[in-house]
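S.K.: Here is what each chain is made of, one letter per residue.
There are 2 protein chains.
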Amino acid sequence: MLLADRISRLQPSPIREILNVVDKPGMISFAGGLPSSDSFPCISVSDLDHRQLQYGATEGDADLREFVAKDLANRGLHVSADQVLILSGSQQGIDLVAKLMIENGTQVAVESPTYLAALQVFSLFGAEYQPFTPATTNLLINCKNAPALTYTVPTFQNPTGHCYTTDQRKALAKACDMNGSVLFEDDPYRELAYDDCDRRPVCSFMQQQNWIYQSSFSKTLAPGLRLGYLVCSAQLYPALSWLKQAADLHSNRLSQHIVLEQLQAGNAGERMVSIVAGYQRKRDVFAAALEKHLYNLATWQVPSGGLFFWLRLLSDNPVDTQKLLAKAIECNVAFMPGEPFFPAHDDESSYIRLNFSHAGDDEIAKGLQTLSTLISAELD
Amino acid sequence: MLLADRISRLQPSPIREILNVVDKPGMISFAGGLPSSDSFPCISVSDLDHRQLQYGATEGDADLREFVAKDLANRGLHVSADQVLILSGSQQGIDLVAKLMIENGTQVAVESPTYLAALQVFSLFGAEYQPFTPATTNLLINCKNAPALTYTVPTFQNPTGHCYTTDQRKALAKACDMNGSVLFEDDPYRELAYDDCDRRPVCSFMQQQNWIYQSSFSKTLAPGLRLGYLVCSAQLYPALSWLKQAADLHSNRLSQHIVLEQLQAGNAGERMVSIVAGYQRKRDVFAAALEKHLYNLATWQVPSGGLFFWLRLLSDNPVDTQKLLAKAIECNVAFMPGEPFFPAHDDESSYIRLNFSHAGDDEIAKGLQTLSTLISAELD
Chain A
5 MLLADRISRL QPSPIREILN VVDKPGMISF AGGLPSSDSF PCISVSDLDH RQLQYGATEG
65 DADLREFVAK DLANRGLHVS ADQVLILSGS QQGIDLVAKL MIENGTQVAV ESPTYLAALQ
125 VFSLFGAEYQ PFTPATTNLL INCKNAPALT YTVPTFQNPT GHCYTTDQRK ALAKACDMNG
185 SVLFEDDPYR ELAYDDCDRR PVCSFMQQQN WIYQSSFSKT LAPGLRLGYL VCSAQLYPAL
245 SWLKQAADLH SNRLSQHIVL EQLQAGNAGE RMVSIVAGYQ RKRDVFAAAL EKHLYNLATW
305 QVPSGGLFFW LRLLSDNPVD TQKLLAKAIE CNVAFMPGEP FFPAHDDESS YIRLNFSHAG
365 DDEIAKGLQT LSTLISAELD
Chain B
5 MLLADRISRL QPSPIREILN VVDKPGMISF AGGLPSSDSF PCISVSDLDH RQLQYGATEG
65 DADLREFVAK DLANRGLHVS ADQVLILSGS QQGIDLVAKL MIENGTQVAV ESPTYLAALQ
125 VFSLFGAEYQ PFTPATTNLL INCKNAPALT YTVPTFQNPT GHCYTTDQRK ALAKACDMNG
185 SVLFEDDPYR ELAYDDCDRR PVCSFMQQQN WIYQSSFSKT LAPGLRLGYL VCSAQLYPAL
245 SWLKQAADLH SNRLSQHIVL EQLQAGNAGE RMVSIVAGYQ RKRDVFAAAL EKHLYNLATW
305 QVPSGGLFFW LRLLSDNPVD TQKLLAKAIE CNVAFMPGEP FFPAHDDESS YIRLNFSHAG
365 DDEIAKGLQT LSTLISAELD
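Read top to bottom, the protein sequences are chains A and B.
Counted from 1, the first sequence has number 189 at position 185 by the working numbering; the numbering is strictly sequential.
Counted from 1, the second sequence has number 85 at position 81 by the working numbering; the numbering is strictly sequential.
Honestly, the hints are just simulated from the structure, not real lab data.
These numbers come from a predicted model, not from an experiment.
Glycine included, each C-beta is placed from N, C-alpha and C at the ideal position.
What follows is a set of in silico ranges between Cβ atoms, one per label pair, in the way DEER data are often shown: (1) 53(A) with 238(B): 38 to 44 Å; (2) 30(A) with 11(B): 48 to 54 Å; (3) 326(B) with 282(A): 52 to 58 Å; (4) 28(A) with 200(B): 47 to 53 Å; (5) 54(A) with 288(B): 23 to 29 Å; (6) 54(A) with 80(B): 33 to 39 Å; (7) 184(B) with 140(A): 46 to 52 Å; (8) 108(A) with 200(B): 47 to 53 Å; (9) 278(B) with 74(A): 39 to 45 Å; (10) 80(B) with 278(A): 49 to 55 Å; (11) 11(B) with 275(A): 36 to 42 Å.
Here are a few chain A residues that face chain B, going by a calculated C-beta distance under 7 Å: (12) 6; (13) 9; (14) 20; (15) 38; (16) 44; (17) 252.
Looking at chain A on its own, in the form it has when it is part of the complex:
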């Protein structure tokens, strides 16, 4: 049997593999990026219009595209509804952009660390990585091999929680404008802001080169609806919409209907305020529990938004956090090892990512106490 060469680079997502393991009673999971199910809206659909059940437009339903374009204008990214492509979740945007841009040896600039399921897709298509950090975007300007694509999660980054400052946003846009790479901005967490910070899309600072911006309805409405969107500079739109057509014809129409209804509901603003307040409280509970249980074992920054704490374990020797995870799962606690978030996996160890939105308050205390015991033993 002859499989395509790319399959030799295909890896399962470590997150999804862990989620399979941890989905059992009694497990305290800090592993996934699961939104709290308390935050989900009440959804009722009665006597659904037959139009929502028929084939629909590849680009998405017109009303939802209009809504997205207006919403983005309020955030400083001025696009027409014609530039909006509704996605079957923002993971699909990563797949489409990889198809558009990446083949064997394509140079892709990515933050180190970055969202691991983006690395999974980029690697499948043959990307070679040029790692950067929010502080080193200027290095992308005069590098030897200019990247074709620059991927970033600038707002409450996954996994670090970092939010780019205004200067960092401008510097990244400038680097792409100068080196000619397409900027691909992934922005699923922007609504989950607990402290004041500049969240203007980096794409809104682009002046010359092409760009793609995407976000998701998974974090603020419900992930099971699998709906997100991308917008892009006009030149890229036809190819991306044809790739969407080839990938799954069009997005789920029932989800598009439900999401638009929720976005336009009279209580949508209130609902968002209450979700964000709930997550902020969880972040603070988690931060206090971390201070109590891990203060001498790891360092971290309290994130201004998003769903994760990113910890570096205070060890003189590298800690294999995959092995630590195996021990933790035996004690009914799960987390994400840090290694898979790094474009060059061997570079970094001793990091772990902890999600604070899913576990209950009691579970947070209990789970971090367990981790504390395990990490202490590891560091001794």
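Based on the hints, put chain B in the right spot on chain A.
M.R.: Same frame as chain A, but now just chain B:
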């Protein structure tokens, strides 16, 4: 800007492009494969369980996978639920299989003509085609370049409507077993059977090589729910499920919930009988109208199932049916030109595909009368 090489081969689907044009009042469309909206179930969802809104398993919801496995066993294809992968519509299966198998120069055996959106995806990934017909599968056995993948729509094929005989099914399975290619069987129309014919999956006759079988809930429930599934030989499953993970994490959970509920409903059998009877009646109305209006202008076979008539225009010279379509649209009638269904586009002309399920009875008569006038003028 450096795009991937494959983008030079990216084409929009002619069907979706035509659907954009014909979605206007007064247009009689024989173009798409749209199921009749009369056939859609009444769907109400009240107070949705929060589990249906959370992230779910890449492979699909367990109950739905069980249902699919049992249903396939009744059709002669014996698989376990572990071999079922729920898809965001069966177009997604084509994308996943292309990623699994196809890179530049990969030999792919396809029927000529075949489903054009499969050609769209295979070509994007760099396929080279080895065309065959239901009568010539034996030619695949000792060909010079054995195909890596063999794609077939054996039951009420799109566009021809052909249903493989038992002997043809066995011969195709044997050809794949002998030449070592993976058989990819696409079976969206199998429920829409109006005459008696063998519909056992060709995959059920495979004895040695790997195979992938897929079907869809779009034709018998509702396309807007974007749900289908694939099953495959066990060896291929891990890679296909990881590719699904990378493509969109998992399928829409609300759709999975609704589809399972519909499949298990007390009236599911009755509903199916009534849908099939409705389509059969439409086929017969269409067949009679064709006899009346086009008997001396074209040849066709009345299809035993599916949604299409496939006509060859009786012309001594090749008819450019793309140009004919432009004229027809001016007269408010749309159809699918035949050329894009052929793997080597230049090979064949003078074919058109007519969908009989979407237009009303009066529209069928009026639309075919218009086509008759236009085709007569063309043939003169």
